[in-house]
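**Q** My request is simple: use the sequences and hints to build the entire structure.
Those sequence lines, one after another, are chains A and B. As numbered in this note's numbering, residues 1 to 424 make up the first sequence, in order. As numbered in this note's numbering, residues 1 to 429 make up the second sequence, in order.
Worth flagging that the hints you see were computed from the coordinates, not collected in a lab. Among the hints, a few may not be true.
[Unchecked claim] No farther apart than 25 Å at their CA atoms in a straight line, the calculated lysine to any residue pairs in the SDA-like style are these: (1) Lys-5(B) / Arg-37(B); (2) Lys-148(A) / Gln-163(A); (3) Lys-54(B) / Ser-20(A); (4) Lys-54(B) / Val-235(A); (5) Lys-209(A) / His-192(A); (6) Lys-21(A) / Lys-276(B); (7) Lys-159(A) / Glu-95(A); (8) Lys-195(A) / Pro-140(B); (9) Lys-54(B) / Ser-133(A); (10) Lys-195(A) / Arg-143(B); (11) Lys-159(A) / Tyr-145(A); (12) Lys-342(A) / Ser-306(A); (13) Lys-415(B) / His-390(A); (14) Lys-209(A) / Lys-31(B); (15) Lys-316(B) / Glu-81(A); (16) Lys-289(B) / Ser-20(A); (17) Lys-276(B) / Asn-286(B); (18) Lys-21(A) / Phe-307(B); (19) Lys-129(A) / Leu-225(B); (20) Lys-179(B) / Thr-250(B); (21) Lys-21(A) / Lys-314(B); (22) Lys-31(B) / Ser-96(B); (23) Lys-129(A) / Lys-54(B); (24) Lys-5(B) / Leu-196(A); (25) Lys-129(A) / Arg-143(B); (26) Lys-53(A) / Leu-254(A); (27) Lys-195(A) / Gln-170(B).
For clarity, every value in this text was computed on a predicted model and none was experimentally measured.
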Amino acid sequence: MTSIVHIIGGAQTDFQRNWSKEGKTFIAMMREVISDALSDTGIDFQEIIRLNKKNKIGIFLGNFDGEQYFNQGHLGAFFTEIHPSFFGVPGSRFEAACASGSVAIDAAATKIRVGDYDLAIVLGIEVMKTVSSAVGGDFLGTAAYYEKEAKNISFPFPKLFGQLADVYLSRYQLDENRFLSNLAEISSINYHNAKLNPLAQTRSWFMNKNHACHRQGNYNISVGGKLSVTDCSQVTDGAACIILASPKYSSKYLQHRHLSKANTLSTISGWGHRVAPVLFSEKISESSSNLFVLPWTRQAVLDALSRAKLSEKQIDFYETHDCFTSSEYAAISAFGLTPPGKEYEVIENGSITISGKNPINPSGGLIGVGHPVGATGVRMLLDLHRQVTHQAGNYQVANSDHGLMLNIGGSATTNYVFVVSRSI
Amino acid sequence: MKSIKTVTILGANGTMGSHCAGIIAGFGEAKIFMVARTLEKAQEGIHIAQDSIKTDTIAHQFIPQTYADLASCIPQSDWIFELTAENLELKKEITSLIAKYKKSGSIVSTVSSGLSINELSKCFTESESKFYFGTHFYNPPYRLLLCEFIPTNKSDPSTQAELISYLSNQLHRQVVITKDSPGFAGNRIGFQILNEAAQFANRYQDLGGITYIDELLGGVTGHTLPPMATSDLVGLDVHQAIVDNLYLHTSDEAHETFKMPAFLTFLISRGYLGNKSGQGLYKNENGQKYVFNTVKLRYEPIPVLNFPLLTKIKAKISVAQYQEAFNDILTGNTQESEIMAYFIARYISYSLSLVGTVVNQLHDIDLVMGYGFNWLPPSALIDLLGGYQPTVKLIHRFKLPVPQTLSSSIDHFYKLQNQLDYRNFIRAI
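**A** Listed below in structure tokens is the structure:
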């Protein structure tokens, strides 16, 4: 039994693509991203067959809502459609709304950690552009308490995260104009970073802070409370895949390929998983006397740091779940970058920009890169891996020994945190 | 070159003028003089510019002007961008006015589908002609990021480098330097395919004509919009201007493929120019879609065509079995697969033949076709076919020239996968 889990590589689809317009199914998306991940790591089908003979490889698939978006369940079994080498390989599908990818990562990492498998393939996938945004908005409502929070409500999630913005304003007595300007800055930073990321959905879109501040305009309409389109991540098709390995396997892997450890491997050094009350109103009620609006999000961060044996100050950069600007705002204090209620400090002093002291979302985040729901957690982990192994290209941050990701499901109901560290 | 803060756009109410104005105002944050025939038309251009990049935050950056204001706005401008109609004499006339009013050292550029940039540069004095360039944006520029950059014989190298940097970094263009030659790279390759497809539509009218060709040469062969629908989109008059120019000024082995088919001339003579005039090769009437019969010279309901091979190929593409799909095209042994294979061979043969004469490198061609036409880059096609040997075999099969760039020493031809995923261009619809 070991406590170490390595990441050896992976791949992400181009989140700008619309797979329905291409006439392609989820099988096409799976085939492409698996093929790219295998190519990235140099693992071939013969190796999968070899490991499978010893029952030392498993498949972990994160997906939120294949049943509704493309009428297909049981996705963990579909690697067998990609290549016969996957016949017999154990595979399962994991679901926790927008944190589906993280549950799959957690399950895979656990199997590696306890020594059951040498290699685990984790794939997050969501095909969302099969339906109109209104219909998709209703599907997404099932990530909340549908009967009480989403039924007969158009676009329920923007409204829930609009309420989070309202709670922030009232609980910390924030100046509304300043707060909305801070949210616009968050959006603008994410779009800026996305322009450096060749796989980001919005990399060619026009955006600046002025546009993000121009809420209620013809091109930036209100979507929920005080939030407008520029405060939201957009509907995205996409998949991401990462390959996890045991230390024993990765050691041989490096040896055979004559690769340097620091530029190839990263380590999942910590994890945190906490579930808050499902109803948003219950969350707010529970935290009414707490310093934090979202205390379980904060706790998941503390758990991950504790397991990684790292302090808040040792984290060099973050990938966070900015499904809305209000969720990134709340994440800032959850990360310990400021006390709760003072998040504006690091937004206004430039700390969270890509060249700042504490970069958040150098990839562009969900707002810039896109948010294919079940793929997002895996995409985040892949981005942490790319940063700590210095493979992030134009969006590489200067200091990247330790990165932390926060992936949430629902209205910050499922909170998943992973810390990824440089392997030395 | 100083930073570009003030720009004059000539032809500001045209499609290219207004859309490019949106890019320069939004991404470039420049103040823009919008010059059109009337102030009303200039204002129209301003609305389109805002709409093109989906923001209402740039309105204050535009100043509507007419051609009577050139003496005032041109001397204030760091960059004068001329996007008037594709007519050499008209462009010469306007460029001479720009030359008269410009301040020394300011940049002047033109959008042209393929007119001689060197010829237009003669409108300037010797010392000012070095600041003149072709900057061929593609339509619509918010979606198609290509900018073909055409220096003249007299271009100043440092100004050229600075302008390219501005176009790349500020305006987010994919800049490809092309030689000053007819159609440059994109339109020469693109309209070779489009016009020969039109010729084939006429030749195979008995099998379905325009519909037949668009079915075969759509997404399955890497054209995100089928060729005949593309000609309707760009306008048949524009199609004619480009291919006539290429027919007149080129003399390569594809020369006859630039000859305008009579049925296109017929449509243009009736004012049926494509989407912009409501009808062209296709038209919608009372909810029914019609297509032009190239022999009978009349519209007919779109025929329902059914090709088992095409269905099989699309099924493979739908699950990302691309090599298998292309193998089916090459080995299909039907009239349809023969046409598809011919156009694949022609595209590779012709586009690669321009490397070294019109562009410098193979990946320039891939950038041009990927970012300018949304077409599968030729190098990616070569890799999909299996590389050098199978590609040469295919080109020989249709007795087309094998370009020198197609070298047996290259293992993987397509080098841009990390920035331009070729799989996006192969479609099952």
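**Q** Quick one: which hint numbers does this structure break? Sort them smallest to largest.
**A** none
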